[in-house]
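Visitor: Sequence:
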Amino acid sequence: MKTRSTVIKLQSRARDVGGAAVGGGRVRAGVQPVGPRGPLEALRRSPAGAEAGDRLSPLLLGRRVRPSGVSPRLSRSSAYTPAGGDLREPGAWETFRFIKPSRWNPVDGYTDALLPTDRWQWTDESGLNPQPLHSFVLPSANWEWEGDWYVDDESCGRESRETGGWEYAVDFPATFTKEKKWNSCVRRRRWLRYRRYKALGSWAKVPLDKARPPPEPFTDISCGGWDVRDSPEKHIHLWAVSQQGKLWFRAGITQQNPEGTRWEPIQVPREAAQVSAGPKDLLWVILWDGQLLARTGIGKDCPKGSSWEPVQPPNQKGAVHVAVGVNVVWAITKDNKVWFRRGVNSHNPTGSGWISIGGEMVMLSVGPNDQVWGVGSDDRTVYFRHGVTGTEVTGRSWVAVSAQLDGSESTNHSSVVNDASVFAGELTAPSQGSVLGCDDTDVPEPRVPKITSDSFISALVSDRSSPAHDPASEGHPSVSEDNLVTSQESDPSILSPSSPSGGSETPWSNVDLEEMKGSLPSSTRSSVATYPFELQHSTVVQEEVPPWAWVAGGGCDITSGSHVHLFNVSDPGPLSPSITPALSAQTRAAQQERDASVEKSVRVTRGRMCWWRDWTPHQWEDVSVTLEQVTGAGAQTGDILYLYYTHDQEKKYLYAVIKEVTALVPMFRDSLYTVAVYTPDRTKQRQPILLATSSQQDFSAWLSLLNESCCASRALGEHPSKQALWAVTCQGDVMVHEPSPGLEAPAQHVPCEHMFWRQVPAHLLCVESNSLGVVWGIAHDHTAWVYTPARGSESPERAVSDVRSVLIYENQRWNPMTGYTDKGLPTDRYMWSDASGQRECTKDNTGPPSPQWTWVSDWAVDHSVPGGTDKEGWQYAADFPVYVQPTHRTAARYLGLDVIGDSCAFRTFHGHKTMKDFVRRRRWARKCMISLTGPWLKVPPIALTDVTVLPCLAQCSLEQVPVWAISEKGDVLCRLGVTASNPAGNSWLHVGTDQPFKSICIGGGHQVWAIARDGAVFYRGSVSAHNPAGECWYHIPSPPKQTLRQVSVGRTSVYAVDENSNLWYRQGLTPSYPQGSAWELISSNVCKVSVGPLDQVWIIADKVSGYPSESSGTVCHRLGVKPMQPKGLSWDFGIGGGWEHLCVRGNSTEAQRVAPRSPMPSRTQSQVNGNVVGC
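The working numbering applies: residue 1 is where the sequence shown begins, and numbers increase by one.
Calculated from the structure, these hints are not laboratory results.
One thing to keep in mind: the hints can contain errors.
[Stated by the list, open to error] Straight-line alpha carbon distances no greater than 16 Å define the calculated EDC-like cross-link-like pairs of lysine to aspartate or glutamate that follow:
hint: 1; residue 1: K337; residue 2: D379
hint: 2; residue 1: K652; residue 2: D622
hint: 3; residue 1: K317; residue 2: D335
hint: 4; residue 1: K300; residue 2: E233
hint: 5; residue 1: K927; residue 2: D862
hint: 6; residue 1: K652; residue 2: E309
hint: 7; residue 1: K1127; residue 2: E1080
hint: 8; residue 1: K913; residue 2: E872
hint: 9; residue 1: K246; residue 2: E271
hint: 10; residue 1: K652; residue 2: E621
hint: 11; residue 1: K334; residue 2: D378
hint: 12; residue 1: K684; residue 2: D614
hint: 13; residue 1: K843; residue 2: E810
hint: 14; residue 1: K843; residue 2: D862
hint: 15; residue 1: K246; residue 2: D289
hint: 16; residue 1: K659; residue 2: E708
hint: 17; residue 1: K684; residue 2: E1110
hint: 18; residue 1: K938; residue 2: D781
hint: 19; residue 1: K651; residue 2: E309
hint: 20; residue 1: K334; residue 2: D289
Input sequences plus hints: build the corresponding full structure.
Guide: Below is the structure:
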């Protein structure tokens, strides 16, 4: 039985690597065979510095065939490191400085005789530590002195002819100068000496720590952390796992000291099996029991981290392998399934969840730009994850990579039994600098990738027997001699591995993989060969090639913009059944399974936004925003929005699961385009996540992306359904909600905070709809619009515009000398203010509501103010209003005060001056316009102030849908010709009234209720489908001492809201007496009410109890409404803060009712009255 071990190196010009690299030049790699007792030597490779123009970084592949029954064992650990530099390169030289002080005395002048209180004769630069010249020794044999000690006087080592390098001062310690003065009693000078790391271009053994026991044999190592610091000087974080499951950290690896200084143990809860470090601050560890740990607290000031966070493995079988990149973590479980960790970031190193990726692997390797390589579990073929980009972090499919064996004589396959071989293939990616290389950008240096431990590799490879002869000696394709790689033995002065103790133990062989000039002796049992590698365009028969055991792709820098012919293939060819199910024209299920494994991926969108911090001090903070979307067949995990920020120098994050987002409400705040992100918890707390950008283009892109993600997570169509609930915010944005059957369920209703609202392109004042899909809206300029979604190939997108007025107030106070002037008292409001008087608003500093609006007029005095004005537009009062708490607003109304805004009550202003009026104000207005595109049709020419549509059940059929409206002048109108296919109708029919009206509503059974401008309530009699305008108006008494302002009629219920925000219910409605008998007070704090076709009651509440700072307008649902209890029981508060209008009259979706089982035995249809009875 023979043991064979082979290593492949596929070289490519690269930027980042997963291993430890130092110095410049060509990167090489070596692997020693491991026999039954072969040691694992931790090696690090340094390239030569002469070949600055041709640097390569490798993709390392390994294969192994182990005879059955032989288990690999690891002996003592020895560490080797590459060093860099000659000709005083920055990465190779280290300077040591010592200070020689002297003191002056009157007899001998400056001498070495110092006072007892002085510092030592030889010290470091601080003067606090003694450090004679002979006390320093080189840290290892890999270093050598470059010259002798010399005085540093800026003469580059030459003997000084001027000052001799001395610096003078009055005493120790003091400020030293080069000029000698009369009171200079002490002096000092600095001595320098250079040391050079001489192990350039070779493997160098890492020395053991002085006065410390050596670490146990290593089973795995991983390098990372070179991008943690922003400084040009890079630091490598080297982690290692010992045979006993301990974790070690190599400290002090820098550009000047590539071998580091010491091994430091890191506490782990249980025995570690494998470690993987990313280029930044990500570090994951696998324990022997398959559990996972993520290291937190890693930073530039704390490279070892602070604590461990446990991470649940993807399944119950546990994890066996983990691979960490820049912002990704991949894992393999014991059943060889591949998993991707979502949400991994330096702010959240543990991530948020696992997603299964198609394919079965035994190991993975993550390279620069988070590219992924793997080894298949069945065929042991090397695979590359195709389609990995900065946005699509999981890629799209696995692509097989082949490395064909070179049959040159240099491999000596026929005469020598080879345990280690190397394969090389060139890629043409751009060359970049090493993490420990020089700062010179013209001389980029590569990095050496990590090599997975042999013990871990051996555990991945199943036992199998080797044939008596070497199969690699037969049937190899021939290649040209240009592809051969020669070999030679490396310098024994640099590395002298221990000799084997017996014939059964194979020692480490020091192999310079790219400088061999001849075959190695058979006793070393290793050889070198060259392999071209390419994607498998067709099935490649390689029966003689042993299976691959591991791959290290840290040096292959393949970006989405790289045009590498190696990966430019349209058909990746047949893959292993474990990677992709076999393709079969007869098996449709296999094709679907293949699509599911190939197409499922994670897409990431990153950006910078401003986030409103919801704790004191409240302020905008710049944060990193990431939207992670799962796409493809079988994707069950929802999209997630992450916010990464830093607080008190600690990295933190927030996240919102997109499927839990209930609304995205756009607004303009603090000159920023802002979106409020609501979730159920945030709705209860009344604290949405506020995100903003300064650019309208960026804001529109993010808002569109979030809206698409929210709708896709709920499988919502492009247009609202006929049953949708419609709402309008105070900014004019139109929102819709798709109701579920449980929304109106009496027992288990859907809470309001769980309702999802999405935006519809429009800008309106109110919207009314019914379950037949007829939707009408009124804009702020009183233009009527009808919603017309796409039908067939017709494009529904049309130009939609709206015009509204921006209002400011001019305030003046009277004094006996000058009359009314703009000189107020110190306690007065601003002389130019908003309606509340709390904010200064002048003509110059007042702009449109948002940059989407444009001015269409100039400032003009507004005479249409409630209460009237004089000829110049002034209103008069005894004094300006006093601030009133929001909780006392209702009481302020009862005191005769007009309430405007959210937190102020105003004394009544009138349009004529009296002797007691000492203040006055007038309102200025300026019109602005917004232009959008959406599926809306304009209905000219009459301007409307209110509109209502008949609510009905979805299954009913009507020849014409009754639509009533009130014009801007107060006339009552009835729209004729409205149908589901023609929602705009044909013409208006004027309904006579003796006074102007302000609110109207039609309910079930063609009940029409209206409110006049003076608060009088009317009922229209004899309205039917054949008589759409009715016959006459019946006056209905209003509630005692109240003036109603809005009415809503359902199937059998009538609700109204008065001027004091009280909600009233009309009692005694019957088919024979539809006017009812009396009004009953239901609730206060109500702005508007909407009653649906099921008699469901929804309102816009003024305020939510306990949250006085929230702006007016909260969506609320009346719970407990039943046919025998139409008034309901309580309110369920939902989303709030700036909602102005709500319509639920299109929702006729009833909850399924389970009929109680009858105690009587069931009868057949023939037994019911002797005839067959249908439903």
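Visitor: Now tell me if each hint is right for this structure.
Guide: Taking the hints in turn, this is what the structure says about them:
1. K337 x D379: Within the cut-off at roughly 15 Å; holds.
2. K652 x D622: holds (13 Å)
3. K317 x D335: holds (7 Å)
4. K300 x E233: holds (12 Å)
5. K927 x D862: holds (11 Å)
6. K652 x E309: Distance ~15 Å between K652 and E309 Cα, so the pair holds.
7. K1127 x E1080: holds (10 Å)
8. K913 x E872: holds (12 Å)
9. K246 x E271: holds (6 Å)
10. K652 x E621: holds (13 Å)
11. K334 x D378: Answer holds: K334 to D378 is near 14 Å, not above 16 Å.
12. K684 x D614: holds (14 Å)
13. K843 x E810: Between K843 and E810 the Cα gap is close to 10 Å, so the pair holds against 16 Å.
14. K843 x D862: holds (14 Å)
15. K246 x D289: The given pair, whose Cα atoms are some 14 Å apart, holds under the 16 Å limit.
16. K659 x E708: Since the Cα atoms of K659 and E708 sit roughly 12 Å apart, the hinted pair holds (cutoff 16 Å).
17. K684 x E1110: holds (12 Å)
18. K938 x D781: Given that 16 Å is the threshold and the Cα spacing comes to 12 Å, the pair holds.
19. K651 x E309: holds (15 Å)
20. K334 x D289: holds (11 Å)
Of the numbered hints stated above, none is contradicted by the structure.
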